[in-house]
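Enquirer: Work out the full structure: start from the sequences and follow the hints.
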Amino acid sequence: MAATIPTNGIGLDAGLDVTGGDITFKTADKGVNLGVTSGAASNLLHDYEEGTWTASLQGNLGGSGTGYDNATMQYTKIGRTVYITGTLDMNDLGSLGGDYLKVAGLPFTPDASNSNNYQPINTLHFNVQGDVTGGAFTWAVYAANTFAYVFESHNTGASQATKASDYEDGTIVGISGAYITAA
Amino acid sequence: MAITKETEISKVEVVGEYKHVQVRTDTVIKEDDKEISRSVHRHVLTPDEDISSQDDEVKAVCNAVWTDAVKAKWKTYQDNLPTPGA
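If you read the sequences in order, they're chains A and B.
The first sequence maps to residues 1 to 183 in the numbering used here.
The second sequence maps to residues 1001 to 1086 in the numbering used here.
Rather than coming from a laboratory, the hints here were simulated on the basis of the structure.
Where hints are given, some of them may not hold.
As the list claims (entries may be wrong) - If you only want the chain A side, here are some residues facing chain B, beta carbon under 8 Å, derived: (1) Glu49; (2) Thr54; (3) Ser56; (4) Ala144; (5) Phe151.
Unchecked claim - Pairs of lysine to aspartate or glutamate, EDC-like flavour, derived with a Cα cap of 16 Å: (6) B:Lys1011 - A:Asp29; (7) A:Lys26 - A:Asp13; (8) B:Lys1075 - B:Glu1013; (9) B:Lys1011 - A:Glu49; (10) B:Lys1030 - B:Glu1013; (11) B:Lys1011 - A:Glu50; (12) B:Lys1011 - A:Asp47; (13) A:Lys77 - B:Glu1013; (14) A:Lys77 - A:Asp99.
Ideal Cβ placement from N, Cα and C applies to all residues, glycine included.
Expert: Here's what the structure looks like:
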């Protein structure tokens, strides 16, 4: 039977070594204060999670019939930051409606503050059409939405939104990046 | 020795002023009822989404927090969403 800790907690003067089992907080949002000698919200590491999410390419006015060889992506959440990685491998663009593309399915809601309106995600796009400028593609996670816009950086100017005609059935997108969440 | 695979909704969280509903689904592999593996999948629902295919527990949360006022607020936000890069 586990030892019962006094309700006023326990002080450790000689550190804590755990040789078996894990440390588990039985109450939500509890964690470890790092870098401070008394508790502070900005120093509290209270969330960590690893998992998967399912990405889908959409037009801003919707879409249908898009098929994938792989759409399962990975994430690791540490505190309020979500790191996402993966490969979105399309075999059929289907029908994508609208003037610009977005990738939906993010695992956590992005922060809604203006300072985080466009959070960039590094990408590498293969098999794209109309790429005559040699510009690179990137994604931008948009505040409070659960998708990322897809941009193309042009040598002659600023980044601009991509359209369905920029992609083809065999487009493959590798991604890696992080964004700040709402909680 | 029996190997079983189960999925369970392990977390339903309501986040932010637009009441996004974040859903964590765990896939649990058990051997003779003892858990030997657990993996996690996440998705997020926004107030304008079709939730007919969601788990009943998730539907209940969505229906509770997505009031007409929340839906209207979200629609206004979406209607005023700037074109990418604008």
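Enquirer: Would you mind marking each hint as holding or not holding in the structure?
Expert: Results of checking the hints against the structure:
no.: 1; hint: Glu49; verdict: 6 Å, holds
no.: 2; hint: Thr54; verdict: 7 Å, holds
no.: 3; hint: Ser56; verdict: 11 Å, violated
no.: 4; hint: Ala144; verdict: 6 Å, holds
no.: 5; hint: Phe151; verdict: 7 Å, holds
no.: 6; hint: B:Lys1011 - A:Asp29; verdict: 13 Å, holds
no.: 7; hint: A:Lys26 - A:Asp13; verdict: 24 Å, violated
no.: 8; hint: B:Lys1075 - B:Glu1013; verdict: 21 Å, violated
no.: 9; hint: B:Lys1011 - A:Glu49; verdict: 12 Å, holds
no.: 10; hint: B:Lys1030 - B:Glu1013; verdict: 26 Å, violated
no.: 11; hint: B:Lys1011 - A:Glu50; verdict: 14 Å, holds
no.: 12; hint: B:Lys1011 - A:Asp47; verdict: 13 Å, holds
no.: 13; hint: A:Lys77 - B:Glu1013; verdict: 15 Å, holds
no.: 14; hint: A:Lys77 - A:Asp99; verdict: 32 Å, violated
Comparing the model with each earlier hint shows violations of hints 3, 7, 8, 10, 14; every other hint is respected.
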